[in-house]
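Participant: Build the complex: two chains, separate frames, hints provided.
Top to bottom, those sequences are chains C and A. Be aware that the first sequence starts at 276, since it is given in the numbering used here, and climbs by one per residue. Be aware that the second sequence starts at 112, since it is given in the numbering used here, and climbs by one per residue.
Honestly, the hints are just simulated from the structure, not real lab data. No experiment lies behind these values; they were computed from the predicted model shown. Among the clues, some could well be false.
[Unchecked claim] Label pairs and their computed distance ranges (CB to CB):
#1 Lys178/A / Lys399/C: 52 to 60 Å
#2 Lys320/C / Gln224/A: 32 to 40 Å
#3 Lys130/A / Gly628/C: 49 to 57 Å
#4 Thr213/A / Pro595/C: 35 to 43 Å
#5 Phe234/A / Ser639/C: 53 to 61 Å
#6 Glu317/C / Gln224/A: 27 to 35 Å
#7 Lys273/A / Ala327/C: 28 to 36 Å
#8 Gly478/C / Ala270/A: 53 to 61 Å
#9 Ala133/A / Gly628/C: 46 to 54 Å
For glycine and all other residues, C-beta sits at the position ideal for the given N, C-alpha and C.
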Amino acid sequence: MKHLKSPEDLHKLRKSLESKHRPDKVRILICTTGCRALGAEEVYKAFKAEIAKQSLADKVEIVDTGCQGLCARAPVLTIEPMGIFYGRVLETDVPDIIAKTVLKGEIIERLCYAEAGKRTPYIKDVPFYNKQKKIVLRNCGSINPKSIEEYILRDGYAAISKALSTMTPDIVVAEMKNSGLRGRGGAGFPTGNKWEFVKNATGDIKYLICNGDEGDPGAFMDRAVLEGDPHSVLEGMLIGAYAIGARKGIIYVRAEYPIAVEHLTIAIEQAKQLGLLGENILGSKFSFDVDIKMGAGAFVCGEETALIASIEGKRGMPRPRPPFPATSGLWGKPTNINNVETLANVPIVILQGSEYYKSIGTGSSKGTKIFALAGNVKNTGLVEVPMGTTLREIVFDIGGGIPGKKQFKAAQMGGPSGGCVPAQHLDLPIDYETVKEVGAIMGSGGLIVMDDTASMVEIARYFMEFCQDESCGKCVPCRVGTKRMLDILTRITEGKGEKEDLGLLKELAEVTKTASLCGLGQTAANPVLSTIRYYLNEYEALINKKDAQAAPAQSAQLPQSAK
Amino acid sequence: MHKSVTVNKEGTSDVDLAKCRAILSKYNRSTPSDLIPILQQIQDAYGYVPQTALSEITAGTRIPLSKIYGVVTFYSQFSLVPRGKHTIKVCTGTACHIKGATDIKKKLTEALQIHEGETTKDFKFTYEPVACVGTCFLAPVMMIDNRYYGKLTADKAEATLKNY
Ligand SMILES: Cc1cc2nc3c(=O)[nH]c(=O)nc-3n(C[C@H](O)[C@H](O)[C@H](O)COP(=O)(O)O)c2cc1C
Ligand code: FES
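So that you can see chain A by itself, here it is in the shape it has in the complex (with noise of 0.2 Å):
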């Protein structure tokens, strides 16, 4: 790999690696088969991936900055840039979305001043579709990290937001 993608020790990254570090020391031995648990452990330790984890996952794990980068943009879960305090996951599941999914989806776009996928300037929420998060039977449905919020209606999403 190469020694320039590696963090420099004179913290010219503003990101504290101690996390992601100690995260990477669980996995001395790793296999190909660690990345994802270790990226998902990195996602929820720094609500995102660092750049300067990817290259510290790299150094530990040998496995090839392009293959990270690779499976880091496949799957949803994982974001590159930060991401807010609270992630929003508003379900557009088939029940929700003949419920009125997309009634509840322009409301928080609006309340929120941001699209989906994105994050408020305060890094306090990030708003994302999610397509069923298995409750259809509360449609619609959003979940505000583990928390569940069902039978909403638009002006019930937005209130919903206060509590955080």
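Pulled out of the complex, with its shape left as it was, chain C reads as follows (with noise of 0.2 Å):
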């Protein structure tokens, strides 16, 4: 390929891939890594064969992609350009779907979505797709992630070069304080003062790193991303870098993620051959280069400090603050540190303008926010929506609702950090504050949905006990509480709890929650403290050896909600 030597370049480059573009070829996208799980690589094997089995390569194409979303009805396809949506495809049906559809364009029922008896074709149909809009997903399941081509088509780099062509360093952080983006990694703060704080920083050597640790439990959003659009989050690091002055790179990725490290590691490989990696990117003074480091297993390691640590080669221990890796963080250099879909949003800002940007979500919190729906729900999944969406839409008209005869009984927002969202809240708008508000937090968006079988206080224990584990035992208040929150809460859930457990708990849980070193035991006490807050009943019927599941959730004594 050759080096592209400046925005022109890469705007050609485009302008002959769309030439050679066809659109008339008919695209079958299937989702080759999370589906994989479900056999999705045979079914995209079956396709290729029957492909060259019936010389039918000048008419249709297969390709394997990221993401669809609708994980629920694992191994998904879409077929372009008609827009049909099949779900559950095994190697068996692929002869079915060259015959039938491709070649003769008719649809074969059971593929497709069907809700309470009604089969839905079409992909725009599809209640679950319907209402949500994919800004960060927005090349996710629809483009092969192994390509750079494909990835270009669809305006990548163009930010980039719009950013270094058209806007100084300056005018970049202006924008992206004016659009109102927050970081996706849990705390929310936001993005554009951060990258001006590192870009006022003093020192001539900067780093970027991107946090792809992911290790709440029920979240996905990231690998997704990862996986799917690994060079969206490249040019979100090359504009930050671009803006803060950094020429080095580094993502640091979990250990359990190997598609999104194969992914990557062609991504980043493809942008050096182009040059939109290396020196002098496309002709400017600006040079940046990234590095993969993969996590060894630790959840502490996605708290900021501790993963500058792991970097460096030592255990993954947080460390106090300040100084914030702003002003020291990487081998002491400035370093900004930013969530993985964090950085899929900026290359959004930067080419549509924050004013575009800030006209989605609400009040405080702009753009959307992408949720992992998984528990007691119908169409688990990957979903983005719009900040400010109810908790209801998402989980009953996206999600479909709960699964048998049950019922609705609390959503689980914000994994070992957050909180249990009850019945009560689920008209609820979801922003950062006002998930905060009623005792959960956004997180980085595992959102896990709970019928009325589940034990709340079991739910409580089962963090309580990650929390422990993972606890990096720097720290007294996180060592030692953690492990007595965690004695207490599995004394009750064995029915030996005792009166006074349940004032002990909260003692503990303030403690831990002021006195902790980092963010894992400030927020360990979390889910405890909302399950006491909504479900206090249950509680007390373990303490009453009374059988908890029994228990309606309680609540006369809710604090109202600001909404």
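Facilitator: Here it is, written out as structure tokens:
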């Protein structure tokens, strides 16, 4: 591939790719990432073989993509340009799909999405999709993530090209600040402000780190973005690096995500070949390189100072802040850390402008949020909605509601640092602030739906076990606090709880929250506090050695939400 | 570093250090941040981090053995004892937990006759729980090496073992 030496070169490449593009060709897009677990690779191979066997390569093309969202129907595929959506596809369906749908335009009923007995062949009519707004997931599931050409065809690298040719770093920072984009890694810190700190920090060497550690159990948004559209993350990093003046970037990825590592490695190689990474990018003075670091299995390494320690080759333990990484981070140099989803938003802000971005979302929270919808809900999968969408819309309209004859009981948001949102808050428009008011946190976007069979004390115990296990042990409040809280919760779930235990739990929760060194300990008690707040009667029932499941959720002592 | 912990050339150790040396030779001007990647490659090559390899690393990188040991024991990816040919990771994340991961763990413990974190006597399987493998929509899930198995039941999980 030819090195691109200017924004015009990129433009020309895009034009030449467009001229080679064959819109008349049928494209079968099949997810081979998440859907791999249910045999998508075998289906993909069967399509390859069938297309070869029937010599159809000129008419049909099979494209392996990232996540298409409706994971509950895995393996899924979309047939373009018709927009037909099939799920639960087996190898044995392949000849039928080619013969009927591709060659004759017929719909195969049994593979269509069905709700209440009604079959919906076209993706535009599937309720799961039509309430979503895909900004970050704009390419995920529609392009081959291993092809930089496909990314370029969809405005890929146009944002960094625009920034390099028409914007100064100050203007980029101003755009980011004006967009209102807030960090998607959990804390929701305004991205533009963070970039400004690092930009203004003194030092000639600066680093930009992409946090892809995604350790929250029940979260798979970053995985999907890294696997399905790795170039969008690289482009976000390029823009960030240009703004803050970094020339070296590191992507820290969880060891449990082999496909993400594979796709990122390919993406970096391709970007280097085109000169979109390396020296004097697009003929400018800006140079930037990216390395991948694989995590080694420690949840706490998602915390920024622990992550830096881990990259430096140390035990991944957090340290007190300040100094913040913005002034003293990797190797003591000013360092900017952003989450995967945050970075994937960046090209859109730059390309479409901050005013456009700002027009989506609520007063305090702009843009969209990806949620990993899982648990007792029909349409488990990946959803992207504008901030301010209600929980009811996500769980019932998009998620299709609760399977079986069960009732919605709670949605767990924010994983081990979050809380359970009960049914009376279903109509809450979700943004950073509202979620916090009801005792949960936006977190990274894990959203686990629980039906009326779930024991909330058991859920609290489950998360405490997780935090206790993952506590790095450096500070006493977290190390001992989580252990003692776990002891009490275990005792209660085993029916051995004492009357005093609840008071003790709350006291421990307070101390652990105030005195812990990092976010892990500071938030470890959240699941306990939120379940005590809404389901106190379940605790009491267990302490009184009655069956907790039998007790309905208590709502009498609920504080009213501000909405 | 201590001479006494380097591997003796007469070969009292039955670990073949050629692979380890090949890995280290790529890092002849190593920085401290190479330690984890080096350990990851050694873990990959041997299935664990042999004691003798630790000594090689400390000789090759001049990172004190105590520091290396601290890192190895901090991260769950590294093991100081030999592991099975295949690693079974049963997801115990939230989604899998509420969809029956506990039953699967119980069944596997019975089928393999080992506890979590242990390796079968024939060194075929190492079995460990992991918090979320990122395929929660398929809960409950397990991974064997890099392959995902979704929508499991206890019986399906047990039957899957026969493929290995
Ligand atoms: C225990 C703990 C785990 C964390 N895990 C992650 C993670 O997996 N991914 C992530 O992006 N941020 C994680 N964070 C937040 C990071 O410390 C940091 O705030 C974030 O990466 C900043 O990026 P953002 O501003 O783009 O959100 C974690 C924080 C704590 C305290
Ligand atoms: S909770 Fe099991 S894969 Fe996420």
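Participant: Of the numbered hints stated previously, which ones are contradicted by the structure, given in increasing order?
Facilitator: As far as the earlier hints go, not one is violated by this structure.
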